[in-house]
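Q: One letter stands for each residue in the lines below.
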Amino acid sequence: MTEKEQFISNISAALGRKTIQKPEADHRLSFFESASSINSNADQSIVDSVNRSDQLMDQMSSAAETIGWKVHHASNTEVAASIVAGICKDNNAKNVLRSAHEVLDQIVVDAAISNIGASVEVTEHQGDYSQIDVENTKIKAFAADTGITGVDYAIAETGSIVLHPRSGLSRLVSLAPPIHIAVLRPAEVIASLDELFALERSNFINDQLEGSMNIISGPSKTADIEGTTVTGIHGPLEVHLVIFKDDHIGQ
Amino acid sequence: MKPVTTNFRNKAAETLEDKQIQQSIEHVYTGFFQGRLSAASETPNWEQLRSKGKEIKDHTIAHLDYYLNLLANNVQKNGGNVFFANDAEEARNHIIKIAREKDVKTVIKSKSMVSEEMGLAEAMNDEGFETVETDLGEYIIQLANETPYHLIAPAVHKSRSEVAKLLDDNFREGDPVPDANQLTMLARKKLRSVFERADMSVTGANFAVAESGSIALVTNEGNGRMTTSVPRVHVAVMGMEKVIPSIQDLSTMLRILIRSATGQRISTYVTMVNGKRSPDEEEGPVEFHLVIMNNGRDKLLRDSQTRESLNCIRCGACLNACPVYRKVGGHAYGWVYPGPIGAIVSPVLTGLKDASNLPGASSLCGACHDACPVKINIPRMLLELRYRTAEGSASKSERSSSAKERTVWKLWKIGMMGRRRFDLGSRTSGLLLRPLVRNGWMRIAPPPISGWTLTRDFPSFASKSLKARLSKRNRTSKS
Ligand code: SF4
Chain A
1 MTEKEQFISN ISAALGRKTI QKPEADHRLS FFESASSINS NADQSIVDSV NRSDQLMDQM
61 SSAAETIGWK VHHASNTEVA ASIVAGICKD NNAKNVLRSA HEVLDQIVVD AAISNIGASV
121 EVTEHQGDYS QIDVENTKIK AFAADTGITG VDYAIAETGS IVLHPRSGLS RLVSLAPPIH
181 IAVLRPAEVI ASLDELFALE RSNFINDQLE GSMNIISGPS KTADIEGTTV TGIHGPLEVH
241 LVIFKDDHIG Q
Chain B
1001 MKPVTTNFRN KAAETLEDKQ IQQSIEHVYT GFFQGRLSAA SETPNWEQLR SKGKEIKDHT
1061 IAHLDYYLNL LANNVQKNGG NVFFANDAEE ARNHIIKIAR EKDVKTVIKS KSMVSEEMGL
1121 AEAMNDEGFE TVETDLGEYI IQLANETPYH LIAPAVHKSR SEVAKLLDDN FREGDPVPDA
1181 NQLTMLARKK LRSVFERADM SVTGANFAVA ESGSIALVTN EGNGRMTTSV PRVHVAVMGM
1241 EKVIPSIQDL STMLRILIRS ATGQRISTYV TMVNGKRSPD EEEGPVEFHL VIMNNGRDKL
1301 LRDSQTRESL NCIRCGACLN ACPVYRKVGG HAYGWVYPGP IGAIVSPVLT GLKDASNLPG
1361 ASSLCGACHD ACPVKINIPR MLLELRYRTA EGSASKSERS SSAKERTVWK LWKIGMMGRR
1421 RFDLGSRTSG LLLRPLVRNG WMRIAPPPIS GWTLTRDFPS FASKSLKARL SKRNRTSKS
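Taken in sequence, the protein lines are chains A and B. Following my numbering, the numbering of the first sequence begins with 1 at its first residue and continues without gaps. Following my numbering, the numbering of the second sequence begins with 1001 at its first residue and continues without gaps.
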């Protein structure tokens, strides 16, 4: 018997049986849900979110404010870019790192940041990923004073944004720099954690689960010294959410 | 981490008498307690969520063999390694072996009660690996060479000035101002440089998802993210009860865990990792290990009366709700798991005989049962364990061995009920306990649970209570 088999057979014995038994389907548990129902749940989550988009965005905006995001509203690309550049300027940013999220190209954020005299770089490895030097990504992230990302989802219930690190989206860009700016569009808002994990689970059974996921809800904080809340212990001290609702498209 | 006995005892006693620290402890517990109540009341289906959480945990624990097997297979499928550790020593040795093989120098840890159970940080430091706790509370505790006081707030008993002194003693960068904000920023700076050079991390796992081989980490500080992003090797450690079946279950479990722990709707960061860095990622660990530890949990599982304690998701709500815990504090329980749930798991895991006082440290008021997000009936189990201690029903070896010991525990119990009686009880039990004590400490955990004795000893009562000593000192100084 391998170590694993021995360990598990000890557990089987503690549960009063000789070997592992597959549990009988218990339909109160999501584990036993059929693939078709998982997929239709996920589809439904998207349909619901799109239908309630305005209401969810209002809820998102106020929930986000409550947990410490500084929320900004932009009605077109120029305003969005100037808000982002304005935050950089206010903080005297020199060294900006950003993800390859498409929305950041859409609002032409690089030009606006260059205009205030800061450098901006995209966290995307150029070339073959098998040749990547991850140390390089780390050094850049720790040296940056501002990190900018889009969002993959936003959760209205909690005021959170969700990021799936991947090519073009470093794990650290939203964590290491003292300031994080996230640009959010209405189509990305979903209602709650239920919808998020319904979508994740459907991705999983369709073999499309990303390697990792971060749900981010406000600035890094601690209350470990006498229960006093202080922001910015390991992650950003300040986080900004720029809600970009393009009036031209009316999305 | 071995306690510095005399120092610790004096410190604990000082804390008891220190009105300001008592107040800040009370402030934190009350904050958590009220936070949970208001989070529950603003959640429309709170009771349903609790029931759902209980259903998920009951089911998983009843089929633990199946789900652990599934979890291990899926972690391997994702390219990770799995190690099953029967006890703390096996777990420690395995992790040290990984560090050696990978030529690791600096290890960063995020908060994990299971690694406390292993005494891991101390063991790794002894082996020559620079091992640093990164949760601010744990970091403070590590600098102070102490043990965590609370599941969620490990350094709740430390005052600002004590933290300032610890940082000053360790870094000598000019006197730090005893201000929470400035001290936190000093710690940020110190820990940043550790993050930048770390080559291995050890994290816990709030949940491990069987179907996908994922682990979920919940933090407010962001150290859970740093530790899973920066080093090239990531080792996650979990008690074997932490597995849940599906990704969707995270939705229920995260909601009840976080609301019950701090009253937040969600913690600042929830991180889910499915193993090592994906091939097209910008950074991330190139190696992932999951260590699944038993360490006596099979005893809790085998016994139908205590099996329910494995449903615990370590939220700390029962601690904040418990009138006894709030009085005696986290260190009195003698091991990593304090409070009502600690009073159940510690005696069973260490062996009834040696920790039989713990189930007695409760007024059975039921506040813990009401608070528990997975509805664990703690008072029922406490009663059962008390009954066994009193009647010696389980087996001869688990019985309190002598009339003297029984008297001692009874006195201790009575002593816990009030300050007045505590004074009386502590004077008497100081005399009675003396034969069982070495260096002022009772060693409560016998082998084979040696990990416990490695990390925790149980303080006996001072032969003179603090009050008695204080008044004596006052008399001497006056004369
Ligand atoms: S027993 Fe319940 S309330 Fe206590 S820590 Fe565990 S889950 Fe939380």
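Possibly wrong hints are sitting among the right ones.
Residues from chain B that face chain A, not an exhaustive set, calculated with beta carbons under 8 Å [claimed, not checked]:
{"hint": "1", "residue": "Gly1035"}
{"hint": "2", "residue": "Leu1037"}
{"hint": "3", "residue": "Lys1054"}
{"hint": "4", "residue": "Glu1055"}
{"hint": "5", "residue": "Tyr1066"}
{"hint": "6", "residue": "Leu1068"}
{"hint": "7", "residue": "Val1132"}
{"hint": "8", "residue": "Ile1140"}
{"hint": "9", "residue": "Val1163"}
{"hint": "10", "residue": "Lys1165"}
{"hint": "11", "residue": "Leu1250"}
{"hint": "12", "residue": "Leu1254"}
{"hint": "13", "residue": "Gly1263"}
{"hint": "14", "residue": "Asn1274"}
{"hint": "15", "residue": "Arg1277"}
{"hint": "16", "residue": "Glu1281"}
Everything labelled a hint here was simulated from the structure, so no lab data went into it. Note that this is a predicted model, so its numbers are computed, not measured. For glycine and all other residues, C-beta sits at the position ideal for the given N, C-alpha and C.
Q: Please go over all the hints and tell whether each is borne out by the structure.
A: Against the structure, the hints come out as follows:
1. Gly1035: Not OK, violated: Gly1035(B) not within 8 Å of chain A, min 11 Å.
2. Leu1037: Violated, because the Cβ-Cβ distance from Leu1037(B) to chain A comes to roughly 17 Å (cut-off 8 Å).
3. Lys1054: violated, 11 Å
4. Glu1055: Because about 6 Å separates Glu1055(B) from the closest Cβ in chain A, which is inside the 8 Å limit, the hint holds.
5. Tyr1066: holds, 5 Å
6. Leu1068: holds, 6 Å
7. Val1132: violated, 12 Å
8. Ile1140: holds, 7 Å
9. Val1163: holds, 6 Å
10. Lys1165: violated, 13 Å
11. Leu1250: For Leu1250(B), the interface hint holds, since the closest Cβ of chain A sits about 5 Å away, which is under 8 Å.
12. Leu1254: holds, 6 Å
13. Gly1263: violated, 11 Å
14. Asn1274: Holds: closest Cβ of chain A sits about 6 Å from Asn1274(B), inside 8 Å.
15. Arg1277: Result: holds, 7 Å to nearest chain A Cβ.
16. Glu1281: The hint holds - Glu1281(B) has a Cβ within 8 Å of chain A, the shortest such distance being about 6 Å.
Hint violations for this structure: numbers 1, 2, 3, 7, 10 and 13, all remaining hints satisfied.
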